[in-house]
Amino acid sequence: MAEVNLRKVVKRYDDVEAVRGIDLDIADHEFVVLVGPSGCGKSTTLRMIAGLEDISDGDISIGGDVVNDVPPKDRDIAMVFQNYALYPHMTVAENMSFGLRLKHYPKAEIKSRVAEAARMLDIADLVDRKPKQLSGGQRQRVAMGRAIVRNPKVFLFDEPLSNLDAKLRVQMRIEIKKVHQKVRTTTVYVTHDQVEAMTLADRVVVMNKGRIEQIGTPNELYHNPATRFVAGFIGSPAMNFVPCRLEEAEGRLHLRLTDRISFPLPPARAARYQSVSRNEPLQLGIRPEHITETKPHAEPGIEPFEALLEVTEPMGMETLVYFTLNETPVCGRVSPNAGARDGSPLRMAMDLNNMHLLNETTGLVI
Amino acid sequence: MVDAAIGEDSVVRPRRAAGRKGLRHALKRKSTVAFLLTLPLILLITLLVVYPAIYSVHLATLNKSMQRFVGFGNFEFLSKRDTFWLVVKQSCIFAITAVVFKALIGFIVAHFVHNIPAKGQRKWRGMLLVPWVIPPAMSTLAWLWLFDPSYSAFNYTLAFFGIGPIPWTGDAGWARFSVILVNIWYGAPFFMIMYLASLKSVPDQLYEAAAIDGANWWQRIWYVTLPMMRNIIAITTLFSLIVTFANFDIVRILTAGGPLDKTHIFATWAFRVGIEGSDIPLGASVSLFMVPILAVAAIFILRDVNKRGNES
Amino acid sequence: MSTLTVDKAGPTRNVKYGSMSRDRAWALRWSYFFLTLFAIFSLVPPLYMLITSLKGSAEISAATNPWWVFHPTLENYVGLLTSNQFQRFFFNSAMVSIVVVIITMLISIPAAFALSRMKFWGSATLATGVFLTYLIPDSLLFIPLFKMFALIGDVTGIQLINRWYVLLFIYPTLTVPFCTWIMIGYFASIPKELDEAAIIDGASWLQTLTRIFIPVALPGLIAATIFAFTVSWAQFLYPLVFTTSADQLVLPVGIVTTLIKGDVFNWGQIMTGALLGAAPPLIIYAFLMDYYIAGLTAGATKG
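Protein chains in written order, with our numbering: chain B, 1 to 366; chain V, 1 to 312; chain D, 1 to 303.
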């Protein structure tokens with residue numbers, strides 16, 4: 001068991017910087033998920049921790065020791081790959097025990113460890129099969145079992161669920177969480193799926209273009225994104241961004257969206273945005289669940305407006321509606337009985353208590 | 001945690017500097033390992049392929065006793081000999097005719113095999129590939145016996161139709177025909193197997209789409225099969241061209257170049273002159289004449305193989 | 001390496017296109033007709049070997065129907081198999097082929113591993129070079145090689161010409177390039193994650209090669225082995241050039257040079273010898289046909 005520390009870690013391929021100076025501290029027992037679009041450097045970072053890529057600059061330490069020049073096998077880590085990377089010519093048990101056999105563990109101990117891991121992952125009756133005879137989910141379990149039997153300091157997962165179908169993915173997600181609760185090994189998990197990141201992580205690290213955008217618990221990232229990238233990346237359907245301005249009217253701070261639509265800001269928000277210069281181009285960030293049909297009782301900060309719905313998507317427990325606001329496509333979520341229909345107008349309401357205001361040029365949340 | 005990391009920083013620095021160097025060593029080690037693993041291969045290629053090839057050029061510039069440098073003397077001598085030009089002509093006729101027929105027969109047979117139900121294909125393919133499996137020196141002996149001047153089994157059979165006896169290896173024209181026939185017999189299965197593999201990789205939907213578009217069988221071959229197989233046809237043909245052009249076994253055993261040098265090709269004549277006639281420089285010069293044609297074919301093969309590699 | 005599964009490709013076009021099914025029935029009949037013709041063409045020489053090998057010399061010289069055996073006898077087989085000389089040929093051939101296979105694998109496998117997995121300076125050029133070497137035919141190199149080995153004998157006193165083991169140096173030039181080439185293809189098709197998993201599991205380069213790569217690429221290895229063996233067994237030009245004494249000859253050269261003597265062609269024995277010489281490749285082919293064909297078709301593809 002150990003903590004993992006990354007200090008100004010850089011990865012250069014010829015002239016391209018894939019990872020541009022990452023600082024990250026992962027505590028013992030922690031489950032950290034690196035998430036971001038493809039090419040953001042998350043996998044490279046993981047592979048540097050594993051020792052599969054060398055580090056161009058900076059330091060990586062595991063359990064307090066710098067491991068920059070330690071070969072993978074001496075880093076005491078285990079890794080689960082996207083395509084499972086099971087040895088096709090070995091049985092499940094042989095796959096799981098390969099690392100231990102290379103290290104010349106006593107036979108009895110290998111046997112008991114494999115049996116223990118197989119029981120934990122519910123694959124005890126598959127141990128004599130070859131990977132070819134297993135389903136995707138079972139292969140995934142074996143790959144995890146191979147990591148568990150090693151009893152390493154750190155687990156590394158490289159997009160382990162992306163080859164599974166949607167249903168199995170949910171199931172395996174829960175499985176991974178259960179395993180982590182049992183073995184409590186420090187885990188670094190890479191994925192491009194923000195749902196996976198949110199559901200699994202103690203802390204999520206959002207990466208973009210080789211840099212860390214934000215580190216935080218899933219709830220922090222969802223409710224208090226620091227940048228436009230994080231705000232747009234976390235949450236599905238994604239947050240809406242609408243160009244807007246602040247203006248003073250009737251002695252109150254107003255949010256101007258279009259010539260016709262302008263909302264007074266609730267007092268808490270108004271106080272927060274007081275210092276923002278008026279007429280500066282800004283963006284309103286608001287999640288679809290905060291654009292709903294109007295409620296019978298007016299509530300403070302919830303402002304009504306008229307929208308012409310272009311497309312509606314009934315989802316069962318809710319209906320997603322799409323319309324245009326200030327020449328920007330916007331998505332809202334209304335109740336299925338709100339009477340939303342393609343091409344018809346609907347009276348909507350925007351909950352400004354949950355709004356975000358972003359600086360258009362820097363992309364930072366104000 | 002941050003505090004701890006900063007506290008460690010001062011300790012870490014010197015170790016890191018040392019580590020960089022270690023890493024460079026490790027990288028060096030990896031390429032050293034790679035070099036050592038390929039060393040036997042490199043040695044083999046340099047000592048037993050590249051060096052002899054260069055040595056062959058050197059040999060070609062010496063006189064028969066290999067004591068005097070004669071420059072292009074051997075080549076000049078060859079260019080004045082009728083036998084040499086006969087060999088050039090025969091090599092080209094032999095290679096081109098044989099390859100064309102191998103390619104055609106291979107293509108046709110592959111189609112027939114592909115046409116029949118899948119479960120019978122294995123058996124037929126197994127039989128049709130037998131000529132390629134038997135060492136050519138051994139199978140040519142059987143052909144020699146089939147072509148025997150007095151006991152020819154072919155002539156025995158043809159006599160029932162009032163034909164023959166045909167001087168299979170005795171007459172210049174027939175001898176050339178026989179040599180080419182045996183080569184086609186030996187080489188066509190290779191084309192068949194290559195085409196068959198390639199035919200199987202053409203998706204059925206393409207044929208179905210073509211059938212729906214109203215294409216007849218000939219149009220399906222012309223517009224679907226051939227374009228899909230173009231690359232494999234090119235590679236196989238060039239490949240076979242090299243092997244056929246450089247063939248030795250069949251001509252050597254069947255006719256030994258006769259009658260009157262009328263079936264000699266480069267390899268057999270080089271053997272006759274260089275080894276049997278003990279004129280090593282002249283023999284080397286004869287084989288070197290194969291190089292231009294082989295080189296052209298090799299360049300095209302390499303281009304196609306790389307193209308295939310990039311596609312997959 | 002999809003080539004190995006070629007024959008198992010089940011779905012051929014047995015689809016019925018409505019009114020075209022009658023045409024297809026005719027096409028099928030024609031297919032069988034021509035396939036039968038081609039199969040006869042293919043099998044006549046080996047069958048004729050078998051027929052002749054079962055005839056006594058009296059029957060051969062009597063010029064009875066050559067396609068039929070009236071008095072089958074095994075005297076040719078007994079004669080050859082008990083002849084010391086023929087046993088010697090067979091032993092030389094087997095020895096050369098087996099040792100060449102071992103040498104080939106010892107050179108090809110590590111080289112293919114390095115070329116497919118470790119990018120190093122000049123590795124791409126070397127891979128291309130290997131392929132080009134494979135295209136160089138024996139008939140281009142036999143004269144300089146012969147002179148080279150003769151010179152080695154003159155200079156060092158180590159006489160290699162006219163010794164069967166000189167072929168152990170020569171044959172690898174034919175087998176190694178091709179085997180390396182197809183092994184590069186097989187190794188390259190192994191997913192990169194597999195060796196990374198092995199590295200993390202603590203395997204060294206050597207352990208990755210022996211415990212992961214070789215077992216996983218076993219079909220390719222078998223195909224390469226078959227190729228190396230059959231090429232060595234069938235090679236005719238090099239032993240003809242390099243060996244002359246009867247006790248140093250390999251089977252193909254032995255049969256051609258010693259059984260065809262003077263005017264008396266002992267065709268019964270020659271055909272028996274040819275059949276016995278063809279037997280090892282044919283037996284391998286019969287039992288390992290899929291691997292044989294995989295090796296055959298792999299040459300023209302890059303991985």
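Bear in mind the hints are in silico, worked out from the structure with no lab data behind them. Mixed in with the good hints there might be a few duds.
Restricting the straight-line Cα-Cα distance to at most 20 Å, the calculated cross-link-like pairs of lysine-lysine (PhoX-like) are [unchecked claim]:
| # | chain 1 | residue 1 | chain 2 | residue 2 |
| --- | --- | --- | --- | --- |
| 1 | V | K200 | B | K73 |
| 2 | D | K192 | V | K30 |
| 3 | D | K192 | B | K73 |
| 4 | V | K30 | D | K119 |
Distance windows between CB atoms, simulated [claimed, not checked]:
| # | chain 1 | residue 1 | chain 2 | residue 2 | range |
| --- | --- | --- | --- | --- | --- |
| 5 | V | R122 | D | M95 | 27 to 35 Å |
| 6 | B | R101 | D | M118 | 20 to 28 Å |
| 7 | V | G162 | D | I40 | 16 to 24 Å |
| 8 | V | L206 | D | W30 | 38 to 46 Å |
| 9 | V | G126 | D | F33 | 13 to 21 Å |
Glycine included, each C-beta is placed from N, C-alpha and C at the ideal position.
Here is what the structure says about each hint:
A distance of roughly 44 Å separates the Cα atoms of K200/V and K73/B; the hinted pair therefore is violated under the 20 Å criterion. Of the pairs offered as hints, the one joining K192/D and K30/V holds, with about 17 Å between alpha carbons and a cut-off of 20 Å not exceeded. About 17 Å separates the Cα atoms of K192/D and K73/B, which keeps this hinted pair within 20 Å; it holds. With a C-alpha separation of about 9 Å, the suggested pairing of K30/V with K119/D holds against the 20 Å cut-off.
For the pair R122/V and M95/D, the beta carbons lie near 34 Å from each other, so the given range of 27 to 35 Å is met. The hinted window of 20 to 28 Å between R101/B and M118/D holds, with their beta carbons roughly 25 Å apart. Roughly 22 Å separates the CB atoms of G162/V and I40/D, a value that falls within the hinted 16 to 24 Å. In this structure the supplied range 38 to 46 Å is violated for L206/V paired with W30/D, their Cβ-Cβ distance being about 23 Å.
The beta-carbon spacing between G126/V and F33/D, approximately 19 Å, falls within the hinted interval of 13 to 21 Å.
The structure shown violates the earlier hints numbered 1, 8.
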